[in-house]
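Residue numbers (the working numbering): 10 to 609.
These are computed hints drawn from the structure, not numbers from a lab.
Don't take every hint at face value.
[Unchecked claim] List time: in silico SDA-like cross-link candidates among lysine to any residue, alpha-carbon distance up to 20 angstroms:
#, residue 1, residue 2
1, 373, 132
2, 373, 44
3, 558, 373
[What the hints assert, rightly or not] Ranges between beta-carbon positions, derived for each pair:
#, residue 1, residue 2, range
4, 174, 197, 19 to 25 angstroms
5, 217, 37, 43 to 49 angstroms
6, 388, 34, 24 to 30 angstroms
7, 377, 573, 34 to 40 angstroms
8, 332, 222, 17 to 23 angstroms
9, 215, 395, 32 to 38 angstroms
10, 245, 377, 48 to 54 angstroms
11, 174, 511, 34 to 40 angstroms
12, 276, 473, 40 to 46 angstroms
This structure is a prediction, so every number in the text was calculated from the model and none was measured.
No residue lacks a Cβ here, since even glycine has one placed at the ideal position from N, Cα and C.
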Amino acid sequence: MATLGAWDYAILALVLIISVAIGIYYRFVGGKQKTTTEYLLADRSMGVAPVAFSLMASFMSAITILGVSMENYQYGTMFVLINLSYVVSTPVAAYLIIPVFYRLKTASVYEYLELRFGYATRLAASLSFSLQMILYMGIVVYAPALALEAVTGLNQVFSIVIVGVVCTFYATLGGMKAVLITDIYQSLLMFAAVFSVIICAWVKAGSLEEIWRVAQQNGRIDFTNFSVDPAERHTWFTQILGGSATYLAIYGVNQTQVQRLMAVRSLSAARAALWWCLPILCLLSVSTCFSGLCIYWYYRNCDPLLEGRVNSRDQVMPLFVVDTMGEYTGLAGLFVSGIFCASLSTISSIISSLAAVTLEDYLKPLVNCCAKRTLTDRQTLWYSKLLSLFFGALCIGMAFMAGSIGGLLQAALSIFGIIGGPLLGLFTLGMYVTRANEKGAIGGLLISLVFCFWIGFGQPKPPLVSLDMSTEGCPLNRSFASDVFLKSTKVESQEEHFFYLYRISYMWYAALGFLIAFFGGWLLSWLCELFNWDNNRRIYQDADCTLIKHDLFVPPLAKRLQRRQMPQLVVTGTSSEIGGISVAPPRLDEIEWEKHKAVA
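Build out the structure end to end from the sequences listed, making use of the hints.
Structural data, given as structure tokens:
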């Protein structure tokens with residue numbers, strides 16, 4: 010097994026030191042992380058550029074670099090069409106969803122659900138998000154450990170601990186400002202890692218046209234799957250419709266992303282950050298897809314998995330670095346640093362968001378309920394830092410469990426679909442349907458979660474069948490090719506015997522979860538209202554249920570509700586006001602609502 014050279018280790022050490030230094034710097038400059046707003050929301054003073062890069066880096070991490078490249082290597086280019094869903098969904102998030110959260114200006118997006126439905130809904134959604142992030146963080150830390158093991162032979166435990174400790178240190182010490190600033194340079198290193206693969210293959214192939222020709226000749230170039238069968242893994246419909254649901258679940262209603270958008274100065278800046286994130290995101294996605302074709306060109310005559318050099322195709326990209334970049338001083342270290350940075354940016358973001366959610370949704374209500382008091386800002390700040398340390402340690406623990414998960418990309422997107430889809434449906438129900446109530450919303454969410462977990466984790470599932478791989482150019486006399494292809498053929502012939510719901514493409518999980526939570530919640534809300542089991546009184550400012558809190562709904566609906574509700578005027582015969590007309594005084598409910606907006 011090849012090992013990194015001295016310069017490679019020096020580059021990797023420098024990258025880690027810079028991340029730690031940024032955390033220390035923001036601990037002792039500016040506000041010195043002395044307030045909760047500065048620690049969790051960067052004092053709402055960040056510019057568009059760092060937030061745009063952070064939005065990309067928070068989730069498109071090592072999972073993207075390792076997973077997407079291998080997706081194109083063994084299944085072809087259909088996955089790249091998911092970029093169209095990013096273009097379609099960005100205006101939906103920017104102009105319909107984000108304005109609702111920005112008006113509230115809270116540290117936790119789930120406070121919206123309490124205002125719209127009640128605390129039980131907020132708790133159910135918050136717990137679902139926490140479960141989603143805890144499962145996801147294990148895969149994210151495991152990815153660079155996998156890369157290091159394949160490239161250098163470093164112990165996987167050692168690699169996991171390094172990533173976990175470094176990101177926990179600078180996230181805990183420097184708060185959201187440190188996380189956002191490190192995301193910029195870490196994003197650049199992610200691009201450097203991907204383009205180093207492309208350039209290296211380009212040099213060896215002689216031209217990009219040759220790489221494309223080989224991929225096309227061997228069936229890797231395919232944009233023609235228009236099948237409407239949900240069991241088809243990647244089609245135009247799965248990538249655009251399913252991809253849109255996944256994108257909105259991440260960039261529209263996910264705490265980690267919305268928390269970043271709340272760190273800018275204004276709503277227009279938050280929208281600008283989302284729009285600037287779009288080309289950065291698409292560039293990384295498309296270039297990573299092409300890097301998979303580059304790797305396929307190199308191994309077109311001898312697949313490393315069939316040859317027995319690696320145990321998983323998620324290790325093929327690091328192996329490519331070993332085979333091709335060893336002659337260039339420092340280049341392998343640059344690649345490994347990019348993989349590290351991809352995970353550091355994501356884990357630091359998850360740690361920050363989980364600390365915010367735990368503090369706002371669990372700890373503060375618990376103290377208020379049991380001790381009948383509220384936490385001071387100083388106490389809140391210390392609890393936030395302790396929670397960051399706790400989730401950093403939990404992250405390391407979850408990484409050791411992620412080794413049993415096969416297929417990094419599908420595992421990551423499955424988690425977001427299984428939990429993110431139902432949460433998207435819940436938020437959409439609250440923002441679009443005025444008659445929705447708490448019992449109906451919770452019922453729809455729970456039904457959706459149960460269904461998505463069932464189809465997502467139910468067994469047995471048909472194994473994935475790769476496109477043809479060759480071993481003609483392998484130096485070994487025998488490979489595992491015949492055994493693998495025999496198994497694949499057998500699986501294909503028996504695929505119809507698997508339960509149909511277990512065969513549904515993982516790209517549909519988010520869309521199905523969204524539809525069940527939204528329409529199920531709508532139907533259950535109607536039934537609860539019909540039988541007087543619940544009502545939607547929480548959306549009204551007054552006891553007579555005439556003045557709706559329009560800020561709880563998406564801007565087009567909010568404007569329509571405002572036009573319906575003209576100011577209440579009271580004609581008084583004895584009034585001293587001009588014309589004997591005075592505006593009715595606000596009711597107590599309205600005063601409380603305005604107090605909340607003023608505090609926020």
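Going down the list of hints, with the structure as the test:
For a cut-off of 20 angstroms, the pair hint linking residue 373 to residue 132 stands: about 12 angstroms separates their Cα positions. The suggested pairing of residue 373 with residue 44 holds, with an alpha-carbon distance near 16 angstroms, which does not exceed 20 angstroms. As the CA atoms of residue 558 and residue 373 are separated by approximately 25 angstroms, the hinted pair breaks the 20 angstroms bound. Range check, residue 174 to residue 197: Cβ separation about 23 angstroms, and the 19 to 25 angstroms hint holds.
Between residue 217 and residue 37 the beta carbons are some 47 angstroms apart, a value that agrees with the proposed interval 43 to 49 angstroms. For residue 388 and residue 34, the Cβ-Cβ distance of about 25 angstroms falls inside the hinted range of 24 to 30 angstroms, so the restraint holds. In this structure the supplied range 34 to 40 angstroms holds for residue 377 paired with residue 573, their Cβ-Cβ distance being about 35 angstroms. A beta carbon spacing of about 21 angstroms between residue 332 and residue 222 agrees with the range 17 to 23 angstroms that was offered as a hint.
The hinted range of 32 to 38 angstroms is not satisfied by residue 215 and residue 395, whose Cβ atoms lie roughly 56 angstroms apart. Restraint check, residue 245 to residue 377: a C-beta distance of roughly 50 angstroms satisfies the suggested window 48 to 54 angstroms. One distance hint, 34 to 40 angstroms for the beta-carbon pair residue 174 and residue 511, holds here, with the actual separation near 39 angstroms. Between residue 276 and residue 473 the Cβ separation comes to about 43 angstroms, which falls inside the hinted range of 40 to 46 angstroms.
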